[in-house]
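**Q** Numbering (full-length UniProt numbering) for the sequence shown: 1 to 397.
Derived from the structure by calculation, the hints contain no laboratory data.
Please read all numbers here as calculations on a predicted model, not as lab measurements.
Yeah, the Cβ is synthetic: ideal placement off N, Cα and C, and Gly gets one too.
Any given hint might turn out to be false.
[As the list claims (entries may be wrong)] Using C-beta positions, here's what the derived DEER-type ranges look like:
1) P307 with N135: 28 to 36 Å
2) N280 with D145: 24 to 32 Å
3) V276 with S229: 20 to 28 Å
4) L91 with N135: 47 to 55 Å
5) T132 with F300: 36 to 44 Å
6) V329 with L161: 45 to 53 Å
7) V346 with N195: 29 to 37 Å
[Said to hold, decoys possible] Listed next, the in silico BS3-like pairs over lysine-lysine satisfying Cα-Cα at most 30 Å (straight line):
8) K111 with K141
9) K282 with K141
10) K53 with K265
11) K265 with K293
12) K235 with K141
13) K265 with K29
14) K235 with K162
15) K162 with K124
16) K124 with K235
17) K3 with K293
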Amino acid sequence: MGKPVFLNPNSNEAVELILQSIGISSGIKRYEGNNRHWTFVCCDGRPHSLYQKLLTESVICFYCNQSLLTRKAYKDHHKLIHQGKSSTFSLEFDWLYMRIGLGHFEMNVIKSFFELNWTPFLEKMSEIMQFTTDNAKNFAKTCKDHHVAWQLRLVFHTTSLKEMVLPFERYMMKQGEMPTPDKYLLFYKEIMSSNQRWAYLHLQVFRFSQAIINLRIGVRRNNSCLLQSAKFHPKQLFYGRSHPHYRNIELFDTLQYHFMPGEVKNIWDNNTTFTVSGHNSKGQDLDFLLEEKNRAVKQFIPSGSLPSNETWDVICCNLQYIEDLQNLVSSWVGTQRSNNYQTKHVDIEFAVNSFQQTLKTYLKPENETFLWFEWIQTAPWVTKISGNIDFKTNGSH
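Start from the sequences and build out the full structure, keeping to the hints where you can.
**A** Given below as structure tokens:
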């Protein structure tokens, strides 16, 4: 696992020291190593945003090889030490390709999705699933537990698909035709897209919610093409909600990939995610793998003690040896853990059937009065009457 760096990556100075440590331990030629010219580095949102600043600001003086954190610091250094010489420097951190951890990317996409759809759909659905108190609703809305949030989104996705395909199936039966995906899209465009509620639900399900599912599938199966598509579609959620870090990360990630040399792209695509068990559909990105390693390290720390830096060093540097020894002893006494983990089936049928009745009320075409879209009160074609919202009937709406 290697030696840890005892710094919190929440400032430019800390991120600079961490990246320098990575460069030295990786044998980057910039730091007089002999192993490689460049490497990949994975992190979550905050360090990634700080790195974007360091990429253009942090430089190395050509004359004395001193590292300067900002361009201003370099100008002061050059004026003081190398006055009379031409200003020459190189970017310090152009030797790495920064990649966002896809586990944290997925978590923030789901948070954005919940923020956007809480009032129209997800609050009512959460109440049906017994998130009734203010604290419970806040727990669901803010996605405090990623696994719970995933199951809630799965209930919404499944229910919406079942409800949206129902009128299409009835239409196909009436026409005496066999339903196909292409015919559904044509049916939606020609018949259902004029209904604004259907159009909004269609966008949320087929563009955003399905992209989140595709993102999970792409991670699990190391499918770079599916991942690129899945990351492209939900990016609008970051712009629609308050996620400035991930807006910049998404744009940076797209441009960085576009300008990569072909050889680097191939390595990037072939190693998008990794699997510890060896199963080809149980991949994870490096951010979640590192969290697993962190948990593995903590189990060897004496309970109730405050570990010193030396303790962390010893365990991290010898983690593989300790785990091999643990597995050997476990095999001797017959308590070795199995790596054949089975997929857990989640029963959501009752939740889907319960929420489907609520969704029917929202999508019912003749029901022109509803309370869910509170934000629509500000629209010019809407009037508020007795606490309800009624649409004005005119040619444009």
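**Q** If a hint holds in the structure, say so; if it does not, say that too.
**A** Verification of the hints:
1. Between P307 and N135, the C-beta spacing of about 34 Å keeps the proposed range 28 to 36 Å intact.
2. Checked against the hint of 24 to 32 Å, the pair N280 and D145 passes, with Cβ atoms roughly 28 Å apart.
3. A beta carbon spacing of about 26 Å between V276 and S229 agrees with the range 20 to 28 Å that was offered as a hint.
4. Against the hinted window of 47 to 55 Å, the Cβ-Cβ separation of L91 and N135 comes to about 48 Å, which satisfies the hint.
5. For the hinted restraint 36 to 44 Å between T132 and F300, the CB-CB distance of approximately 42 Å keeps it satisfied.
6. For V329 paired with L161, a C-beta distance near 50 Å keeps the hint of 45 to 53 Å intact.
7. One distance hint, 29 to 37 Å for the beta-carbon pair V346 and N195, holds here, with the actual separation near 31 Å.
8. Under the criterion of a C-alpha separation no larger than 30 Å, the hint pairing K111 with K141 is consistent with the structure, at around 8 Å.
9. Proposed proximity of K282 and K141 is supported: the alpha carbons are some 28 Å apart, at most 30 Å.
10. A C-alpha spacing of about 23 Å is found between K53 and K265, which places the hinted pair at or below 30 Å, so the restraint holds.
11. Proximity of K265 to K293 is assessed by CA-CA distance (about 27 Å); at most 30 Å being required, the pair is judged to hold.
12. Proximity of K235 to K141 is assessed by CA-CA distance (about 19 Å); at most 30 Å being required, the pair is judged to hold.
13. A C-alpha spacing of about 21 Å is found between K265 and K29, which places the hinted pair at or below 30 Å, so the restraint holds.
14. At most 30 Å may separate the alpha-carbon atoms for a hinted pair to count; K235 and K162 meet this at roughly 26 Å.
15. For the suggested pair K162 and K124, the alpha carbons sit about 18 Å apart, so the restraint of at most 30 Å is met.
16. Note on K124 and K235: the hinted pairing holds, with a Cα-Cα distance of about 25 Å set against a maximum of 30 Å.
17. Our distance criterion of 30 Å between C-alpha atoms is met by K3 and K293, whose separation comes to about 13 Å.
Checked against the numbered hints given earlier, the structure satisfies every one of them.
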